[in-house]
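**Q** Given chain X's structure and the hints, the job is docking chain U onto it.
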Amino acid sequence: NAGVTQTPKFRVLKTGQSMTLLCAQDMNHEYMYWYRQDPGMGLRLIHYSVGEGTTAKGEVPDGYNVSRLKKQNFLLGLESAAPSQTSVYFCASRNLGPGNTEAFFGQGTRLTVV
Amino acid sequence: EDQVTQSPEALRLQEGESSSLNCSYTVSGLRGLFWYRQDPGKGPEFLFTLYSAGEEKEKERLKATLTKKESFLHITAPKPEDSATYLCAVQASDYKLSFGAGTTVTVRA
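Keeping their order, the protein sequence lines are chains X and U.
Using the working numbering, you'd call the opening residue of the first sequence number 1 and step up by one each time.
Using the working numbering, you'd call the opening residue of the second sequence number 1001 and step up by one each time.
Hints in this document: simulated from the structure, not taken from any laboratory.
Where is the CB? At the ideal position from N, CA and C, for every residue including glycine.
Hints should not be assumed to be uniformly reliable.
Beyond 10 Å from chain X on every Cβ pair, some chain U residues (computed) [as the list claims (entries may be wrong)]:
id	residue
1	1007
2	1011
3	1027
4	1028
5	1044
6	1054
7	1059
8	1060
9	1065
10	1081
11	1097
12	1106
Derived pair list, reagent style SDA-like, types lysine to any residue, alpha-carbon separation capped at 25 Å [stated by the list, open to error]:
id	chain 1	residue 1	chain 2	residue 2
13	U	1059	X	78
14	U	1059	U	1106
15	U	1096	X	16
16	U	1059	U	1028
17	U	1042	X	78
Simulated DEER-style distance windows between Cβ atoms [to be verified]:
id	chain 1	residue 1	chain 2	residue 2	range
18	U	1079	X	62	35 to 45 Å
19	X	30	U	1041	24 to 34 Å
20	X	19	U	1077	40 to 50 Å
21	X	19	U	1028	11 to 21 Å
22	X	17	U	1061	39 to 49 Å
23	U	1061	X	18	39 to 49 Å
Here chain X stands alone, though its shape is the one from the complex (with noise of 0.2 Å):
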């Protein structure tokens, strides 16, 4: 039962650099997110997707793109990255139903730029 799985867990990226960082549910949740966490700032949005192909905005979504192409599947780039945007990363899922349910989060992707 793996729930949601984050890959890879570390990379190490020079500025300017890309990458895909990929988040895979197996619980056929409807709703995915994306985190970012830092130091003394609590986990901050930077997109959703609400369902199979759509995606939105969040609180900090500059410098990032999602996409989520097939239902389990949330993939979150970098195209030129930054030093700013070194944190840990995590992905989370849930569902709506009657009452609210609680996300469930992956074990996280510990990015730095250098």
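**A** Frame of chain X; chain U shown alone:
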């Protein structure tokens, strides 16, 4: 804009010394308040959801309560394994969860 403030930032406890963490929030139309536990190097792990003022939930040594402006996470007789960062999040719309910065709890044996 939704705001979530957690206090204190850090809490050091002796084993068995009970205490409380605070999460104060400002949202228009609360749909749910969530508590998560996060261990170093790992993703947040769900603990509780509270939906309305007066609601309480318990799990082992943890008890969460909710008022119209804040939530408390009470830790009773903590053990070293309760050491973690505790995150509070609020939901005011269908999709968005807004998180506080967390309280890091350290329990010494």
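**Q** Against this structure, judge whether each hint is valid.
**A** For each hint, the structure was consulted:
{"no.": "1", "hint": "1007", "result": "holds, 13 Å"}
{"no.": "2", "hint": "1011", "result": "holds, 15 Å"}
{"no.": "3", "hint": "1027", "result": "holds, 13 Å"}
{"no.": "4", "hint": "1028", "result": "holds, 16 Å"}
{"no.": "5", "hint": "1044", "result": "violated, 5 Å"}
{"no.": "6", "hint": "1054", "result": "holds, 16 Å"}
{"no.": "7", "hint": "1059", "result": "holds, 13 Å"}
{"no.": "8", "hint": "1060", "result": "holds, 18 Å"}
{"no.": "9", "hint": "1065", "result": "holds, 18 Å"}
{"no.": "10", "hint": "1081", "result": "holds, 19 Å"}
{"no.": "11", "hint": "1097", "result": "violated, 6 Å"}
{"no.": "12", "hint": "1106", "result": "holds, 16 Å"}
{"no.": "13", "hint": "1059/U with 78/X", "result": "violated, 40 Å"}
{"no.": "14", "hint": "1059/U with 1106/U", "result": "holds, 19 Å"}
{"no.": "15", "hint": "1096/U with 16/X", "result": "violated, 30 Å"}
{"no.": "16", "hint": "1059/U with 1028/U", "result": "violated, 29 Å"}
{"no.": "17", "hint": "1042/U with 78/X", "result": "holds, 22 Å"}
{"no.": "18", "hint": "1079/U with 62/X: 35 to 45 Å", "result": "holds, 43 Å"}
{"no.": "19", "hint": "30/X with 1041/U: 24 to 34 Å", "result": "holds, 29 Å"}
{"no.": "20", "hint": "19/X with 1077/U: 40 to 50 Å", "result": "holds, 46 Å"}
{"no.": "21", "hint": "19/X with 1028/U: 11 to 21 Å", "result": "violated, 37 Å"}
{"no.": "22", "hint": "17/X with 1061/U: 39 to 49 Å", "result": "holds, 46 Å"}
{"no.": "23", "hint": "1061/U with 18/X: 39 to 49 Å", "result": "holds, 46 Å"}
In summary, the numbered hints that this structure violates are 5, 11, 13, 15, 16 and 21.
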